[in-house]
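Keeping the supplied structure of chain E fixed, place chain B with the ligands upon it in accordance with the hints.
Protein sequence lines correspond, in order, to chains E and B.
So for the first sequence, my numbering puts the first residue at 64; every next one is plus one.
So for the second sequence, my numbering puts the first residue at 2; every next one is plus one.
Derived by calculation from the structure, the hints in this document are not laboratory data.
Treat the hints with care, since some could be wrong.
Simulated pairs of lysine to aspartate or glutamate, EDC-like, Cα-Cα distance not exceeding 20 Å [claimed, not checked]:
(1) B:K326 with E:D185
(2) B:K399 with E:D92
(3) E:K65 with B:D421
(4) B:K416 with E:E186
(5) B:K326 with E:D92
(6) B:K329 with E:D185
(7) E:K75 with B:E440
Since the model is a prediction, treat every value here as computed from it, not as a measurement.
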Amino acid sequence: MKLLTHNMLTSKCVKGVNVGYPLTINASDVRVADVDFNPDFISRLIPKIDWPVLYNAAESLGHVEDLPKETPVNYENNEEFLKKAHRALLEVEVVHGELVCPESGRKFPINNGIPNMLLNEDEV
Amino acid sequence: MEQVSLSKQKKIFRKLNKLRIALTKETGIEFSSCPTESLAVCNVGLANGLTKELLFEHFSKQGTLTNINLLPGKSYCFVSYLTIESAAKANEAFNGKLNIAQDNKPIYMLYVPKIPLVDNNDIWHELPPGLIVLKDYITSSEEKNLLDMHNFTNQIDGNMKHRLVKHYGYEFRYDINNVDKDKPLNEKIPSQCDFLWERLSNERPEFKHFKPDQLTINFYSPGHGSSIVMDFKNGDKHICVLLPQRSLLIMSGESRYDWNHGIVPRKFDVIKDPASGTYSCLKRGVRVSLTFRKILQGICDCVYTDKCDSFKSRGQIVENNVAAKLEKLHVHQVYENIADHFSDTRHKPWPNVLEFIQSFETGSVLIDAGCGNGKYLGRQDLYDIGFDYSAGLINICKNRGHEVCVGDCLNIPIKDNSADGILSIAVIHHLANKNRRLEALKEIVRVLRIGGKALIYVWAKDQLKGQEKSSYIKQDRKNRKSLYTQAASVSYETETVNLLDGTVSFPVHTNRTQFKTQDVLVPWKLKDENKTTFLRFYHVFENNELELLCNSLNNVKILKSYYDQGNMCIILEKINN
Ligand SMILES: C[S@@+](CC[C@H](N)C(=O)[O-])C[C@H]1O[C@@H](n2cnc3c(N)ncnc32)[C@H](O)[C@@H]1O
Ligand SMILES: [Zn+2]
Chain E
64 MKLLTHNMLT SKCVKGVNVG YPLTINASDV RVADVDFNPD FISRLIPKID WPVLYNAAES
124 LGHVEDLPKE TPVNYENNEE FLKKAHRALL EVEVVHGELV CPESGRKFPI NNGIPNMLLN
184 EDEV
Chain B
2 MEQVSLSKQK KIFRKLNKLR IALTKETGIE FSSCPTESLA VCNVGLANGL TKELLFEHFS
62 KQGTLTNINL LPGKSYCFVS YLTIESAAKA NEAFNGKLNI AQDNKPIYML YVPKIPLVDN
122 NDIWHELPPG LIVLKDYITS SEEKNLLDMH NFTNQIDGNM KHRLVKHYGY EFRYDINNVD
182 KDKPLNEKIP SQCDFLWERL SNERPEFKHF KPDQLTINFY SPGHGSSIVM DFKNGDKHIC
242 VLLPQRSLLI MSGESRYDWN HGIVPRKFDV IKDPASGTYS CLKRGVRVSL TFRKILQGIC
302 DCVYTDKCDS FKSRGQIVEN NVAAKLEKLH VHQVYENIAD HFSDTRHKPW PNVLEFIQSF
362 ETGSVLIDAG CGNGKYLGRQ DLYDIGFDYS AGLINICKNR GHEVCVGDCL NIPIKDNSAD
422 GILSIAVIHH LANKNRRLEA LKEIVRVLRI GGKALIYVWA KDQLKGQEKS SYIKQDRKNR
482 KSLYTQAASV SYETETVNLL DGTVSFPVHT NRTQFKTQDV LVPWKLKDEN KTTFLRFYHV
542 FENNELELLC NSLNNVKILK SYYDQGNMCI ILEKINN
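In isolation and in its complexed conformation, chain E is listed as follows:
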């Protein structure tokens, strides 16, 4: 699971949960993979990202490095920043671990990089 994906995932469908976002990450295996860098792609993606959530997620995994806490102005032309964003969004991968609903504490396992977000019948 990439942090970009984490940025989108929610447990709001669990009965009684309102927002269910962001999910806490408990990771036991995190890897960093090489992904081709496409500055145009990253800069168009950034407005769709909840940046603080990305920052906190990276931090909780110990991969925040020199990622800025906020997006800089005119980041479109800031290749150095885009590369950092690229790394945090696409290259950091949670391979094993779990996601935890901030409201209910419901845990969703992550195996082989795949979060299992299915709910039981009595949870919806």
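Only chain B with the ligands this time, still in chain E's reference frame:
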């Protein structure tokens, strides 16, 4: 008059005595020793195959009949004459002599003071609700014009049996009692018929909107005269309606939908005049009927649910908890079991889906809801994420390097207003009731941002739609026939399977054939030694059903709605929250 020997008279007397005792015992009828207007025919009736027509043929020779009463399942019947003299004549001529009882034995008769009130159900003095007969609707010269519209004579060769048929607008198929809405004919209703509807809107303004688009002309075998009796049946009610030559019959409301109608093949009709109560006979002959229909496009939501084909084919209403169990056993577990084989057969993307994916600009967020083996994932400059209920299929996606999670399209694990695009390809048809299909749509729309677009594909009930044009335009007889037999021969699902301890049952579909019902089980055969077969639940969609479902959401607009590769397809845009 024939001389009857004494011994024969004795025989008749003995026979009648027996019959009198038996009949009195069975029915409690009283008999009369002196002549009356009415006769009981004691030893033959409907139970022995006697018909009203045959009785009429003989008995009408002796005078004017006022009643013919045949009772279902009985081997006796009654006739009444206007006068005692006629009844006496009939008694004299037929008693012990007319050989129309079983095995051509003679009939035996007794006078009755009156015919018992147990009437048969034939009703002559009222019409089924909604039925209108407009007599002398057209003139003889107009009749001639209509008859000249199509010349049947070159079709009449020696072996014509009952009728010849000519269709306009659509072919009316007697095998399915319906038209094929998606195969209109080139030949529309001739304009010679237009005057009928102008006249109708003057005479009956309530029908001024009736503009038929289908006409069937029936030509029935030769003879003379052309009035006829049509039978209407509803439960045990039976109404006989006389349709005179050059009349217009309007079937509307209950008479059209709740009653069965038909014309029994006979040589002549016995007709009761409701006013005088007397019977007469009408010889049938050449008859040409023109049946005009207006084809209903889309789903029928009439109130006659126990007779409505569309209602029946929509299948049963599956309760939510049953639906969830059904999907677990007959969707999710099946995909889990067939994941590898399924994935091997799914690599060719559909062009129109690719085109939709191509329409997004770099950096868009695209979600594939029910992504299967991920064949639509992997465009490099998009952030595309897939989810599916099947962990097996999701593993395959992951191994191909796609970003995925295991998830349910009824509870999409993604936050509101976050996607630029969503795909739902061949997924929603696996949900077992309308409510769940609607919930899945709502989830898609929730996750879309305003202005975001979703592409939805579901399996169409009509699998032949794509083929119609080519074969139809060519009007190639052979082609049409093969299409036809294909559709007709396979349209009956033979096997029905009870599921979940018999709470629900569905027909098993024959692969690569037309669907007969909307809720079906579709077999998937593994290529293993045992050819293990799994049954997947599908709800296949009627033509406008997906649109109707989408239209029930008030925050979307339909950008495009089309048929593709046997699927009903829609592109939606979210317009507000
Ligand atoms: C006919 S396949 C289509 C797969 C893929 N979209 C494609 O076009 O090849 C149907 C898919 O829907 C998935 N599915 C069925 N019910 C689902 C649900 N409730 N939530 C998510 N996926 C579901 C199945 O696991 C299966 O992968
Ligand atoms: Zn109906």
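Going through the hints against the structure:
1. B:K326 with E:D185: 13 Å, holds
2. B:K399 with E:D92: Holds, at roughly 16 Å.
3. E:K65 with B:D421: Distance of about 19 Å is within 20 Å: holds.
4. B:K416 with E:E186: 18 Å, holds
5. B:K326 with E:D92: 35 Å, violated
6. B:K329 with E:D185: Holds, because 14 Å separates the two Cα atoms, which is no more than 20 Å.
7. E:K75 with B:E440: 15 Å, holds
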